[in-house]
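Novice: Top to bottom, those sequences are chains L, R and U.
All letters in the first sequence, in the order written, are residues 1 to 416 by this note's numbering.
All letters in the second sequence, in the order written, are residues 1 to 821 by this note's numbering.
All letters in the third sequence, in the order written, are residues 1 to 94 by this note's numbering.
Take these hints with a grain of salt, some might be off.
[Said to hold, decoys possible] Simulated crosslink set (DMTMM-like; lysine to aspartate or glutamate; CA at most 20 Å straight-line):
| id | chain 1 | residue 1 | chain 2 | residue 2 |
| --- | --- | --- | --- | --- |
| 1 | R | 455 | L | 162 |
| 2 | R | 455 | R | 426 |
| 3 | R | 381 | L | 263 |
| 4 | U | 29 | R | 502 |
| 5 | R | 727 | R | 808 |
| 6 | R | 455 | L | 263 |
| 7 | R | 168 | R | 231 |
| 8 | R | 100 | R | 306 |
[As the list claims (entries may be wrong)] So these bits of chain U aren't anywhere near chain L, every CB distance computed over 12 Å:
| id | residue |
| --- | --- |
| 9 | 11 |
| 10 | 21 |
| 11 | 29 |
| 12 | 33 |
| 13 | 51 |
| 14 | 64 |
| 15 | 81 |
[As the list claims (entries may be wrong)] Interface residues of chain U toward chain L, partial, derived using beta-carbon atoms under 10 Å:
| id | residue |
| --- | --- |
| 16 | 1 |
| 17 | 5 |
| 18 | 14 |
| 19 | 15 |
| 20 | 24 |
| 21 | 30 |
| 22 | 35 |
| 23 | 37 |
| 24 | 39 |
| 25 | 45 |
| 26 | 48 |
| 27 | 74 |
| 28 | 76 |
| 29 | 80 |
Derived by calculation from the structure, the hints in this document are not laboratory data.
Note that the coordinates shown come from a computational prediction; the quantities given were computed from them, not determined experimentally.
Backbone N, C-alpha and C define an ideal beta-carbon position, used for all residues, glycine too.
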Amino acid sequence: MKHSALQIFRQAWSSHRKWPRTWSSPEPKPAYDVVIVGGGGHGLATAFYLASEHGIRNVAVLEKGWIGGGNTGRNTTIVRSNYLLDGNEPFYEWSLKLWEGLEQSLNYNVMMSQRGVINLFHSDSQRDGFIRRGNAMLMHGADAKLMDRDELEKVLPYLDFDNARFPVLGGLCQPRGGTARHDAVAWGFARAADQLGVDIIQNCEVTGMRIKDGAIDGLDTTRGFIGAGKVGLAVAGNSSRLASMAGLRLPLESHVLQAFVSESIKPLVDTVVTFGAGHFYVSQSDKGGLVFGGDLDGYNSYAQRGNLPTAEHIMESGMAMMPCLGRVRVVRHWGGVMDMTMDGSPIIGLTPVTGLYLNGGWCYGGFKATPGSGWVFAYTLARGEPHRLNAAYRLDRFSAGRIIDEKGVGPQPNLH
Amino acid sequence: MAALTAARSGARVIVADEQSEFGGGLLGTGIEVGGMVARKWVQKMVEALAKWPEVMMLSRSTVTGYHDHNFLVINERRTHHLSNPASLMSRERMWRVRAKQVVLATGAIERPLVFTDNDRPGVMLASAVSVYMKRYAAVPGRSLVVFTNNDSAYRVVHDAIDAGVVVKGVVDLRDDGVSAAADAARCAGVPVYLGHAVTAVKSNFRGVKRINIGRLSADGRSVVAHKGAIECDVLAMSGGWNPTVHLHAQSGGRPVFDETNACFFPGVSVQAERSTGACAGEFDLSLCLVRAVEAASEALRQVGIDPVTVDTPGTAQHSEAPLRALWSIPGDPVMPRGKKFVDYQNDTTEADIRLAAREGYRSIEHVKRYTALGFGTDQGKLGNVNGMAILADALGQSPGAIGTTTYRPNYTPVTFGAIAGRAVGEVLFDPIRRTPMHEWHVEKGAAFEDVGQWKRPWYYPLPGEDREKAVSRECLATRQSVGILDASTLGKIEITGRDAAELLDRIYTNAWKSLSVGRCRYGLMLGEDGMVMDDGVTSRLSEHRYLMTTTTGGAAHVLNWLERWLQTEWPELEVFLTSVTDRWSVTSIAGPKSRELLESLSEGIDLSPETLPFMSFCEGHVAGIAARVFRISFSGEVAYEINVSADQGLSLWRTVMEAGKPFGITPYGTDAMHVLRAEKGYVIVGQDTDGSVTPIDLGMDWIVSKKKDFIGKRSLSRADTARANRKQLVGLKTENSTVVLPEGAQLVNGFSSSRPVPMVGHVTSSYFSATLGYSIALALIKGGRARLGGTVYAPLLDGQLIKATITEPVFYDSDNVRQRD
Amino acid sequence: MLEIECPWCGACDQSEFSYGGEAHIARPKTPADLSDQEWGDYLFNRENPKGWHREQWCHTAGCRRWFNAVRDTVTCRIKAYYRMGAVPPEEDGR
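Turn these sequences into a full structure, and let the hints steer you where they fit.
Specialist: Structural data, given as structure tokens:
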């Protein structure tokens, strides 16, 4: 059933009793051409693009819990493509372009809102860094504009311009950046993939991998063995665990990133703003809650909950940027498990095991990449080789030293 | 009772309670405890506890978070209730408590019933009605009807009669033969409608006016007969009680569903905590008190304290008949109008949940996210269990199988201000570090730059000067006569011990064992990934004693880095590291007149180039102050860095300024320093490097030892790191020599209006050189060393295209004559 | 806020410590003899287990000593501490 205004009217007429299921929940078949492990945004997007772009429809998405229940459902929903390096910017820009047409291609409202993303800077050297990044974005065909303090005072009057420990000197803005509704992205891809014949199988955890002569044969799961011609992993924080089932060690550490939401307040923050002198970024949801986050907790963790020291730093940074937040109440905080790579950039591509493909290492930038990641991963799975856009994200880049280190902090995952 | 048991046994105790006064649910009841009214008994208990010096009583204090390792966060609200709080009193206080043992006695929260029109003003929780009347002596209405599925709500009948409110009836979902409670209500003259439900609520602008009731079918799924209407202005409802298991769940426990009480009980404890009383599912008051003593005793034993015996008082509470879990109450069979609200904050209705289930959102997490159930500031404390049960019903499962959503901190919302505490504002957000000479810089009107936590003078504008003019003047003065720079912020690490030179050999890319005492050497250190991490000059103070300098921003990191290698990888090396950054102040004087100036001030120091050549140091007195004088240069001029004890730094600085007057001594800031070093092609780590630059990329092959191993060496020969076409450091001269390229500008090979355009590099440093009379820049360009003399273009944000020629990165005195003079 | 027991200073709040990642990744004795892949394995690849993890901590705001801990990456429970160079507790047979 296609969503439309007419449809809403029709359904209302029958007291909403006839809405079909958004996606079906079939029993797993004995084997598939492609099995995607991980029913988050990336896994579902991959399945959708496999079916829609490459005509591969004998596809299953296995999810150990409920779809969208991992980092897709625990992020701060920011969409942007403000990257510096050649390996990154074309990919993220393509992803942003897919976002811009996503609601039409999925026939599902993902509440995409291009409200602009502004990164503040507080020193000369930070400004140099942003000029470099802004220029790179423009050269790549993305949008960027440098804003000085006067312009910022008009757009973000609530910032602490005068008495700040690190005064705001300006900001780099990507007007096309913004936010989208995270859950809806997973549901939209699930619905669209389901309509193209993809099997979405929830509550199905992978417990082992069967490998024959160096090639993937299938997966042992809590719902029995499922044969697979190709397997794509899109399991975020659990990448190392799944890869270890195939005997692989990855350049990854899993870390917890916290996110927070405040009570609903009147419209205050109508863009996404990041603080440059501490760890804090914020946007305001349509319900009115401020959605914000900051830095990693700093030690390996698979716990989907955060720890206090980081939360304190985030509140302090928030108030340093916007002193008016002092009386705003924080309702809830939670944590997601990030697969942090050694250079802060993702891994999408082949593995040493034939037929086993990896999509992971998204650090804390996975949400905005969702459509792009699915698109290039589907290409890679279908063709058996990476697309131009994810060629730089190959797993073997690490040993060759072909790292993509946006922040330039070296192989220290908790600093990216 | 638990606190008293612990206190009497000799434990240190914190009692944290959310309300403004202690007593919890007892404050709103007429129950007798220990032969007296509950309220009185509570008062006696509080008094008894207050006598113990090791007991801290915190009211208005909510435990909002239960974190790992038994760490609890208590949010105390200190001034909200005061009309005139003391001006310096903090509004809120966060207690951060590491508890050895925790007893949770967080009680239970009454559950609404989900029936038609249950959102009308005047529909209240039964316990709330009681609290108004018993605790605050306020009646919420004149005529009351009670709607319940359990015995607890019958208390409100008697409370209301006491308060003079007319009780029109009790509508009880349970079938006949229920309980003593019903009989007691009947004795009080209140009609009890067993097996009935409220099917509609009629209201006007003042709230509830009338309710309709009907007879339920045996399975409770429909209303079989309309019973009639009752006029009333308050409807007290009770759907049973949800134990407040939030903190238990935050601590890692998993609540389990109890079919008898139709609610979630605490599961197995993961941390050192236990629940007692209503939050553990014990709803009988006498038993609650007994269990509390038991819980405290168990906690005490765990920490090795023998619990004393404490007697618990008797209560007059009767045992209760079981409730009837009817999660969704049928409405009027003839005219089913109106909504049944589940989440009052987000207007999530029973129909919304069923629709979600029909649409395939079947995990409770999906339903929550699709309907916004439990997203309000109460985080589902009222509605979530009802919602889960309705979903279970829609899916034909038991509520236990559906499970709960995750209970997360905060238990109740907490302000930013409370969590941030004092770490706010210009002064306290992050420490400010100032050099000993800071006061002088302020006097002279310096503009400051934040470098990490340091405040460094940026430039010293004279009246009428802008930044550009000031910097040009400072540069020229230094090149022509003498300039003075506060270099105190540079990181300084003293390295001592038998193997100090060996450590330097392993850390720096060049060789160190050959450095003789009294000499200085420049060193570059890499990360293990081969990328430039930090640089600085290290001097050999004596046989086994070195002074390493680092960049201002990298000081702490380098110290930790060295320490880590020593402790974790090379314990066999005997080396000791001490941070001495704050121990020394550094006054740097540079320029052709610097020697003459220093000579006029120094005693016992021979400054002649023969005795104190470039890259060496000596000790003596400058202006009567014991000093180390290092002859090193970051400007390309003859320069001396005078290190004196930090507390004498300002005094030395003033004396040097005074003595320098005849030479026209000019203070210069970081901006001029950057220009001077760029003219010489000296890189600044972090500005001309970005973590992806090797020493080879910088053209510094000369400093990379071929013979020995050092941290990062192996990485330099990896396929990509050894590639020829990497970005390399070069100089740029703009075609129009007055145009200064912006730092951060990207470079391309030619004009193109299409996008993307391949970028060949970027500008890392760029200034107008007053000394040279033209603009200069440093840039990292792909294969740049092979393109010397070639042309690149910098497209700017405003659409301009600047043409520049690639040059050697040294613009001034390329033979290094001046600094060696 | 974890509570971490420094082998020298005793139990202190986590905010006094800094984290060093997986323990027992010894620096190769002769890096020059390693292939790019072997060097890359040392430099980048990690076990990253879900469960017990041997890791390094440093009491940065205290005695500044590095030490090892065995911590569960799911519950954050720490079951053992041992000094640099000591045999990990599970393997010493006691």
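Novice: Compare the structure with each hint and give your call.
Specialist: We went through each hint and held it up to the structure:
| no. | hint | in the structure |
| --- | --- | --- |
| 1 | 455(R) x 162(L) | 17 Å, holds |
| 2 | 455(R) x 426(R) | 13 Å, holds |
| 3 | 381(R) x 263(L) | 15 Å, holds |
| 4 | 29(U) x 502(R) | 15 Å, holds |
| 5 | 727(R) x 808(R) | 14 Å, holds |
| 6 | 455(R) x 263(L) | 37 Å, violated |
| 7 | 168(R) x 231(R) | 8 Å, holds |
| 8 | 100(R) x 306(R) | 15 Å, holds |
| 9 | 11 | 16 Å, holds |
| 10 | 21 | 7 Å, violated |
| 11 | 29 | 19 Å, holds |
| 12 | 33 | 15 Å, holds |
| 13 | 51 | 8 Å, violated |
| 14 | 64 | 18 Å, holds |
| 15 | 81 | 15 Å, holds |
| 16 | 1 | 5 Å, holds |
| 17 | 5 | 15 Å, violated |
| 18 | 14 | 7 Å, holds |
| 19 | 15 | 5 Å, holds |
| 20 | 24 | 14 Å, violated |
| 21 | 30 | 18 Å, violated |
| 22 | 35 | 8 Å, holds |
| 23 | 37 | 5 Å, holds |
| 24 | 39 | 7 Å, holds |
| 25 | 45 | 4 Å, holds |
| 26 | 48 | 4 Å, holds |
| 27 | 74 | 5 Å, holds |
| 28 | 76 | 6 Å, holds |
| 29 | 80 | 16 Å, violated |
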